[in-house]
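With the hints as constraints, model all of the structure from the sequences given.
In case you want the letters, here they are:
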Amino acid sequence: MNHSGAFSSEGSEHQVPRVHHATVMDVGEQRVARVYADALLNAAGPNAGDVMDELDALLSQVLQADPRLFVFLASAAISRGLKAKALRDALTGRASLVLLNFLLVLNDHDRLDLLRGIAQAGREQFDQRSGRMRVSVRSAVALPDDQRARLQQELRGMFKREPVLDAQVDPELLGGLVVRVGDWVLDDSVRTRLQTLCKQLIERSSYEIQSGRDRFRAD
Amino acid sequence: MRFKADEIVSVLTREISDYQAKLDTREVGKVLEVGDGIARVYGLSDVMSGEMVEFSRTGVRGLAFNLEENSVGVIILGDYKAITEGDEVRSTGQLLQVPVGPALIGRVVDPLGNPRDGKGPIVTDRFRPVESTAPGVAGRQPVDQPCQTGIKAIDAMTPIGRGQRELIIGDRKTGKTAIAVDTIINQRGENMICVYVAIGQKEATVARVVESLRAAGAMDYTIVVTSSSADPAPLQYIAPYAGCAMAEYFVYELGGDTLCVYDDLSKQAAAYRQLSLLMRRPPGREAFPGDIFYAHSRLLERSAKLAEEYVLVPADADDKQVGRDWGVTNERGDRRGPGEMGMVYIGPSGKENAQKHDLPKLGAGFKLAKIPGTGGSLTALPVIETLEGEVSAYIPTNVISITDGQIYLQPALGRAGIWPAVDVGISVSRVGGKAQISAMKTIAGSLRLDLASFRELEAFAQLGTELDKATQSQLDRGYRMVEVLKQPQFKPMNVLDQVIILYAGTRGHLDKVERRHVQKWEEQFLRYMTEQQPQVRANVKDMKQWKKDADGKPIHEGLEKAIAAFQPQFKA
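Protein sequence lines, in the order shown, are assigned to chains A and B.
First residue of the first sequence: 15, per my numbering; consecutive thereafter.
First residue of the second sequence: 3, per my numbering; consecutive thereafter.
Since the hints were made in silico from the structure, they are not lab data.
These numbers were taken from a predicted model, which means no experiment stands behind them.
Treat each hint with caution, since some may be false.
Claimed, not checked - Partial list, derived from the structure: chain B residues whose beta carbon lies under 8 Å from chain A:
1) Ile10
2) Leu14
3) Glu17
4) Asp26
5) Thr27
6) Arg28
7) Val30
8) Gly31
9) Gly45
10) Leu46
11) Ser47
12) Glu71
13) Pro123
Glycine included, each C-beta is placed from N, C-alpha and C at the ideal position.
In structure tokens, the structure reads:
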């Protein structure tokens with residue numbers, strides 16, 4: 015029963031999973047995801063890094079490739095037994111025991127729909143536990159290795175944590191770097207400098223003109 | 003006008019060569035949702051409550067209002083329609099502040115200090131935080147100087163002192179703004195800076211007020227802060243705090259006297275209610291948030307008469323230059339030794355101590371000097387609009403309890419042709435009496451009671467009963483006093499004139515004048531006094547001229563003679 019054409023063409027073929035957008039979030043969901051992520055890291059113990067990599071791979075390679083799989087796992091209409099069997103069949107021998115057990119626990123609690131949130135929260139928790147931090151670096155041109163190493167050293171000194179660089183090239187910056195650590199942005203790009211200078215010039219000249227109009231008068 | 007290009011180039015060149023590139027460090031967040039003047043922002047984990055934030059793309063300012071577990075509620079001080087989901091928000095590390103200084107005088111600005119009058123940018127390098135704490139007990143002194151409104155009914159019976167908070171309350175169309183505007187107009191030559199804050203009013207109304215202030219020459223010492231009903235609620239909410247900050251500059255940094263009119267706080271409360279509900283703060287009575295009382299009390303608490311500070315200095319010191327470090331006495335009042343701090347005497351008790359004890363100890367060659375820039379005052383005239391005279395609604399009772407008195411305006415009085423429609427029976431001023439000039443205090447002492455008994459008699463007389471002669475004369479006197487207290491708008495009156503005409507009324511010199519001629523008599527008599535008896539007029543202030551008559555009522559011989567001389571000249 016679809017009335018709108020634009021909607022029906024997408025909706026009827028296969029159910030699109032809920033959009034996960036950086037600005038759409040559910041506080042309650044995040045809170046639960048953090049609890050499960052914590053539990054997973056504790057269970058994995060020293061292998062936490064490997065398990066997290068595995069979970070990321072599962073999400074990015076399998077579930078991302080065919081969104082219907084995620085719908086299958088997240089759906090409440092499909093019985094737990096069926097899902098458990100599918101998980102065992104698919105992952106036994108292919109994934110670590112910890113991850114498989116974790117997925118089965120999630121299944122028992124009907125929390126498989128939180129998988130993406132758990133992976134993200136797990137990544138953050140893991141970084142925090144291992145004294146690392148994600149740093150996003152944008153630069154106008156690709157950073158040569160020596161500069162990269164210098165930047166890492168600087169950041170290590172500033173934040174006392176091991177930086178993991180995620181480098182991107184953004185020609186719009188014109189030059190320089192924009193480094194982002196959590197909520198902090200260190201902006202030393204040519205674009206921002208030019209913008210600041212432009213603003214200052216306008217402010218300064220209007221101040222000068224207002225404070226002494228006669229100075230600028232020719233006649 | 004042609005510009006000198008080389009002069010402009012030199013300014014720009016200097017600016018460019020002096021430009022120091024600083025690493026731009028900022029804390030950022032992302033807009034999750036936006037609407038109706040508020041935004042919910044993810045990130046900004048170190049932001050302070052009340053900190054100013056900036057929406058990077060549009061340059062609009064905001065104020066961190068709600069700090070929650072996962073997001074920050076921001077009120078947007080500007081155009082929120084251009085802000086979209088996902089926009090970057092950056093913290094500024096500063097509390098919200100507004101430009102202040104003499105450059106604002108005569109201007110019409112919005113609550114952020116941006117010009118609204120089309121007279122070009124406001125050039126000032128001084129800023130003050132919009133929210134600042136009120137002075138404490140030690141920083142204040144009792145109200146003792148009058149702030150004349152120029153309105154007879156108010157200056158006589160509910161006098162206002164500098165540093166007082168007097169509420170103007172009444173229904174719509176009862177002349178609340180008229181009283182406030184007249185008071186501003188009457189401050190001409192009184193060395194008072196006035197700030198008129200219009201909150202949630204029609205732009206047309208604000209334009210009319212500005213025009214009448216300009217026409218009366220009052221814009222020479224007035225700042226108008228306006229956030230009309232078309233402005234988003236956040237701007238209406240911060241307007242009174244911003245206006246107060248602009249006045250505080252003159253109080254704290256120049257030691258001046260200021261008057262702030264908040265017109266009106268009921269609209270500000272409504273704007274705050276809107277914000278709070280959108281922010282999902284729990285609603286209380288009349289759906290106002292729980293801290294609505296605090297919103298008003300912290301604003302009105304900022305009005306104060308600051309304590310004057312004094313130091314003992316050598317007699318040849320220049321009074322205008324005296325500083326806190328000039329004091330020649332120490333803690334005990336003796337001469338201070340090398341390396342010791344001088345003593346600063348604070349407030350009236352400090353002054354008395356210095357004059358009576360410490361100054362004589364030092365001997366001749368010293369004097370007591372007031373430190374310039376101390377002892378400023380901020381008088382507040384908040385306005386509240388009631389619905390159908392309902393003073394027991396939430397906001398009116400709150401503000402009545404915060405202020406030092408209220409001027410209550412009755413629509414019924416206005417309908418009966420009595421303007422200003424001040425109900426003198428229930429209007430009070432809790433501290434202003436001290437600030438009244440002595441002559442006015444002498445004359446107006448019994449006025450309120452006389453009027454009250456007149457009102458009672460008047461109601462009785464309407465029953466149509468036969469009245470004895472004494473009662474009839476009391477009624478006649480009352481009718482004439484009511485006429486005397488009438489006053490047209492934009493005609494504030496000098497306090498000496500007020501004393502003179504009230505004297506004539508209370509002494510019964512108007513009893514023989516027909517009721518409809520009383521105002522004409524007043525006008526002619528005051529002109530006569532100014533033009534032909536200026537000496538007597540000036541003497542009214544001098545308390546030595548005042549005596550008591552046989553009934554114990556105050557009598558002024560000079561005035562009696564002047565009235566006797568004028569009576570035959572009166573032309574109806």
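Checked hints:
no.	hint	in the structure
1	Ile10	holds (6 Å)
2	Leu14	holds (6 Å)
3	Glu17	holds (5 Å)
4	Asp26	holds (4 Å)
5	Thr27	holds (5 Å)
6	Arg28	holds (5 Å)
7	Val30	holds (5 Å)
8	Gly31	holds (6 Å)
9	Gly45	holds (5 Å)
10	Leu46	holds (6 Å)
11	Ser47	holds (5 Å)
12	Glu71	holds (7 Å)
13	Pro123	holds (6 Å)
Hint compliance for this structure: no hint is broken.
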